[in-house]
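Chemist: Spelled out, the chains give:
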Amino acid sequence: MMDGDLSAGAPRGTARPNILSRLGRLQHYALTETLVGYGLILPSLLVFLVFYYGPAIFLLYISFFHWNIFANRSTFVGIHNFLVLANQPLFWQSLLNTGYYVLLVVPVTTLLALGLALLLREARNIRGGGLSQALVFLPHVTPVVATSIIWAWIFDPNFGLANAVLRWLHLPQIGWLASAHWALPSVMIYTVWHSVGLYTVLFLAGLSTLPKQVLEAAQMDGARGWLAFRRIVLPLISPITFFVILLATITTMQTFSQIYTLTGGPHGGAGGPAFSTTTDSLLIYQTAFLYLHFSLASAMSFVLFVLILAVTLVQKFIADRMVFYR
Amino acid sequence: MGSIKLHTISKKFGQRQVLHDINMEIQDGEFVVVVGPSGCGKSTLLRIVAGLESPSSGDLEFDGRAATHMPAHARNIGMVFQNYALYPHMTVFDNLAFGMTARKSSRQEIQQRISEVADLLEIGSLLKSKPGALSGGQRQRVAVGRALVRNPYMFLMDEPLSNLDALLRERMRVELRRLHDRVRIPTLYVTHDQTEAMTMADRIVVMRDGRILQVGTPDEVYSRPNSVFVAQFLGSPPMNLVRVERRSEASLVLEGSEGTAFPAPDGIRRATDSAWWMGFRPERIIRSHGGASGLAMTASIRAIETLGSRYHVHANWGRFPITWVTPEAPGLMPGSQVALTVSWNHVHWFHRDTEQRVPEDAALDFPVEAGGIR
Amino acid sequence: MVKVSKYLLRAVAAALMASPIYWVFVIATGYHGAAYALPPVMRPLFHWHPFLYVWTHTHWERYVLNSVFISSSTIILVVVTSAFAGYALAELKFPGNSAYFYASLGVMMLPQQALLVPQYVVMFHLHLLNTYAGLILPFAASTSGIFLFRQFFMKLPASYREIARLEGVSTLTYLRRVAVPLARPAVATTVLLTFISSWNQFQWPLIMTNSLRLQPIELALSHYMQTYQSNWRELTSAALIALLPILVVFAFTQRHIVRAVAGGETPQKE
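Chains as they are written, first to last, in this note's numbering: chain W, 3 to 328; chain P, 196 to 569; chain H, 265 to 534.
Derived by calculation from the structure, the hints in this document are not laboratory data.
A portion of the hints provided could be inaccurate.
Each computed EDC-like pair below joins lysine to aspartate or glutamate, with the alpha-carbon atoms no more than 20 Å apart [to be verified]:
| no. | chain 1 | residue 1 | chain 2 | residue 2 |
| --- | --- | --- | --- | --- |
| 1 | P | K207 | W | D322 |
| 2 | P | K200 | P | D254 |
| 3 | P | K323 | P | E304 |
| 4 | P | K200 | P | E225 |
| 5 | P | K200 | P | E256 |
| 6 | H | K357 | W | E35 |
Pairwise CB distance ranges, derived in the manner of DEER restraints [what the hints assert, rightly or not]:
| no. | chain 1 | residue 1 | chain 2 | residue 2 | range |
| --- | --- | --- | --- | --- | --- |
| 7 | W | P159 | H | F310 | 25 to 31 Å |
| 8 | P | G209 | W | R75 | 52 to 58 Å |
| 9 | H | H323 | P | Q307 | 56 to 62 Å |
Some chain H residues judged to face chain P by a derived CB distance under 10 Å, without partners named [what the hints assert, rightly or not]:
| no. | residue |
| --- | --- |
| 10 | K419 |
| 11 | P421 |
| 12 | A422 |
| 13 | A428 |
| 14 | R429 |
| 15 | L430 |
| 16 | E431 |
| 17 | V433 |
| 18 | T437 |
| 19 | Y438 |
| 20 | R441 |
| 21 | V442 |
| 22 | P445 |
| 23 | L446 |
| 24 | Q493 |
Note that the Cβ used here is the ideal one computed from N, Cα and C, for glycine as well.
Turn these sequences into a full structure, and let the hints steer you where they fit.
Modeler: Below, the structure written as structure tokens:
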């Protein structure tokens with residue numbers, strides 16, 4: 003039996019290439035099935051179009067206009083918005099801050115997640131193992147504002163846990179969120195804490211697909227184990243590593259909530275001190291919704307969009323050379 | 196109740212044509228089995244009758260009315276799938292009632308119909324169970340019950356027994372046929388198993404490569420196969436087939452073995468062909484003790500299978516392997532020679548090039564019968 | 265030896281990751297001024313009256329109800345739209361089927377932060393600013409939900425649907441009575457993931473609403489944080505309000521959630 007072809011959906015067209023016959027192909031789809039299909043995708047399609055694809059296309063348009071959303075007036079200004087943007091030192095600073103943030107958070111998170119995944123790998127079968135895996139993952143599902151509150155306390159220069167630990171280790175005290183030097187690293191620590199569980203779980207999923215012997219070879223201690231890990235395990239999990247790095251990069255390039263809450267507390271407006279934590283997302287938010295410079299914010303959004311696209315493509319390009327797909 | 200007619204039904208999936216101009220008819224109360232090897236198009240044919248696929252060309256007629264474009268649910272068809280397609284999260288009762296509730300039948304009507312069907316199929320005690328708790332045979336019966344509940348115009352069954360073990364399959368064959376004899380709903384039954392076809396059908400339709408090769412009662416198709424393929428496909432063990440060539444007007448020779456010439460029957464003497472497929476059923480072979488008329492051969496025995504009620508003797512005649520089914524095999528053993536005979540009435544002739552049956556009047560001297568293709 | 269040290273290391277890692285949440289309890293249910301103790305307090309006292317005080321002196325119930333309403337509406341809509349689209353993509357053949365599959369995957373690729381400005385404009389023109397609908401509708405469809413349901417429906421035998429077709433059962437009835445009940449794991453996963461992301465929603469309501477009446481718990485918390493700077497016991501008590509539901513849900517479903525995240529968000533390579 004041609005069981006593979008028996009579902010109502012076996013491909014039914016003819017393969018002739020010209021357009022007329024392609025139109026004729028539509029007749030091969032059952033009409034009711036087509037209508038029902040469109041009816042069923044319509045609700046989600048509307049959401050995606052109106053709230054995501056529509057705005058994405060709209061962004062292209064508004065970046066090149068000077069406009070006022072409330073008056074609904076707009077004039078074409080070409081790249082004017084981008085020129086204004088280029089003359090804003092704060093814009094360049096925000097890009098630098100974002101770059102600094104991404105370049106530290108992504109490698110640290112990825113390495114930490116890989117380490118945790120290796121540590122927790124066979125934990126499911128051990129007493130309390132499931133609990134440790136759950137606890138590592140737990141921060142990722144917690145609400146950012148709620149957990150930022152406790153981290154704001156941890157980073158409190160006088161009574162916080164962080165400085166208490168430093169004191170205990172006989173290390174110098176740090177101003178954490180109050181210090182222009184340490185504010186962004188503080189946010190980084192929060193971000194690593196909040197997201198590493200997700201990447202750990204992704205790595206665990208990747209590791210679970212490996213043949214058992216491969217991991218046992220790498221389990222041996224000492225040089226041979228390390229060699230086996232580097233030469234066998236790492237290449238085998240490179241697809242998942244690539245996915246983790248890509249996801250982490252794209253996510254951290256857009257960090258907003260923890261910066262807004264952690265730096266907007268007792269130490270002045272968000273992004274401080276001295277704009278040391280003003281990243282691209284925060285600047286877009288402030289420009290658009292605090293200062294109502296929508297044209298400028300659109301131009302920034304456009305830049306961010308292109309940057310993220312570029313990062314994705316570059317990483318894909320590198321991955322095509324390095325990632326080993328089975 | 197009524198008949199189902201198919202006129203020149205063809206079906207293409209992309210470039211691949213899976214059905215070629217199928218013509219057939221299922222009469223009221225008839226049990227028709229479509230049999231053929233995997234990929235012959237028999238399931239597609241069934242699905243076209245069900246309305247799950249539409250034909251690329253050709254027409255379908257139910258009870259004299261055009262049905263080609265009738266939607267599946269309007270055809271009032273009860274279908275039994277190979278995997279039974281029982282919904283695992285519903286009880287047997289809910290499975291049986293599902294179609295009727297969806298069509299907003301009254302509660303009382305549903306109850307009554309289901310209890311009738313449950314009585315008929317003896318599944319009354321299972322109504323509250325879920326399919327997962329049933330045995331293969333019980334699931335099979337529930338699936339039949341679901342098809343029956345709606346009092347269908349016809350039954351379509353797609354390999355309904357192939358998920359059962361051999362013993363159960365044999366029992367269900369009898370049960371299904373007995374059910375058919377009671378309700379007399381026209382049934383189109385698709386299988387690759389020739390035993391099911393032979394034992395259950397009023398009429399058999401043999402298909403290969405999207406074409407109907409032969410239609411007929413099991414007896415007709417068995418005793419007068421119209422092609423080499425049908426001859427070998429039906430019957431177990433299958434028909435012995437050997438290639439023969441004409442040596443002279445009156446004698447034939449087994450291909451590749453010059454020494455064993457044998458006289459040709461009259462019809463063959465008159466024919467213009469010079470080479471044939473010659474076939475004979477394993478159970479038509481008898482041991483010759485000299486003097487018997489018919490096809491005579493000397494075969495060397497390779498192996499003997501004992502089945503209790505009979506023996507399957509595997510032997511070589513010339514370079515052709517043949518099988519002989521015999522109730523007794525005294526003194527036979529592998530390596531020995533045995534003289535065998537088949538009456539000329541039981542020898543089938545097929546053209547070597549077309550593999551079609553040589554009509555009886557041309558081949559032999561007994562009365563002609565219009566067997567074969569309708 | 266290796267086994268023991270690994271065991272210890274695992275315990276330390278888990279404890280470190282969980283410790284900030286532990287300290288929410290320490291500060292919130294500790295004695296007055298516990299947050300300022302040196303060295304820091306290590307043990308929660310589970311005094312709940314400060315928590316109850318915080319609960320009663322702000323309209324938290326309003327904000328919690330907002331969050332509950334927004335989350336549950338979003339969940340229902342997401343399950344419905346995902347089941348619909350997942351079913352269409354898995355079982356129905358229509359021109360554009362695979363195009364829509366990729367289009368729905370593509371939504372995940374759009375950088376959310378870059379879309380906020382045009383999204384705000386769209387919301388403005390649709391009169392959705394400062395409405396519940398504006399907090400719900402944009403999240404009423406989910407790529408991962410569609411993907412999950414599609415995967416699940418593809419595993420159902422084709423004969424299930426064909427029997428329904430022969431019996432004249434409508435697509436909606438088939439979905440409601442057969443396909444969705446059989447896809448319970450997909451429903452559970454979608455509900456859980458949607459609940460977590462919806463309950464934790466912060467930036468969207470921050471931008472799209474300015475009315476206190478509408479604000480969900482996380483937004484209310486952020487405002488509270490700005491008002492009660494450094495009043496750690498009040499702040500952590502309030503944080504508990506947002507945190508507890510997540511903790512409870514997670515405690516009962518963590519295995520499921522972890523598996524869903526591991527399986528549901530891994531890219532399908534071939």
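Chemist: The structure should be examined with respect to each hint, and the outcome stated for every one.
Modeler: So, going through the hints one by one against the coordinates:
no.	hint	verdict
1	P/K207 x W/D322	violated, 40 Å
2	P/K200 x P/D254	holds, 8 Å
3	P/K323 x P/E304	holds, 18 Å
4	P/K200 x P/E225	holds, 13 Å
5	P/K200 x P/E256	holds, 5 Å
6	H/K357 x W/E35	holds, 7 Å
7	W/P159 x H/F310: 25 to 31 Å	holds, 28 Å
8	P/G209 x W/R75: 52 to 58 Å	holds, 55 Å
9	H/H323 x P/Q307: 56 to 62 Å	holds, 59 Å
10	K419	violated, 12 Å
11	P421	holds, 6 Å
12	A422	holds, 9 Å
13	A428	holds, 8 Å
14	R429	holds, 5 Å
15	L430	holds, 5 Å
16	E431	holds, 3 Å
17	V433	holds, 4 Å
18	T437	holds, 5 Å
19	Y438	holds, 8 Å
20	R441	holds, 7 Å
21	V442	holds, 6 Å
22	P445	holds, 5 Å
23	L446	holds, 6 Å
24	Q493	violated, 54 Å
Checked against the numbered hints given earlier, the structure breaks hints 1, 10, 24 and satisfies all the rest.
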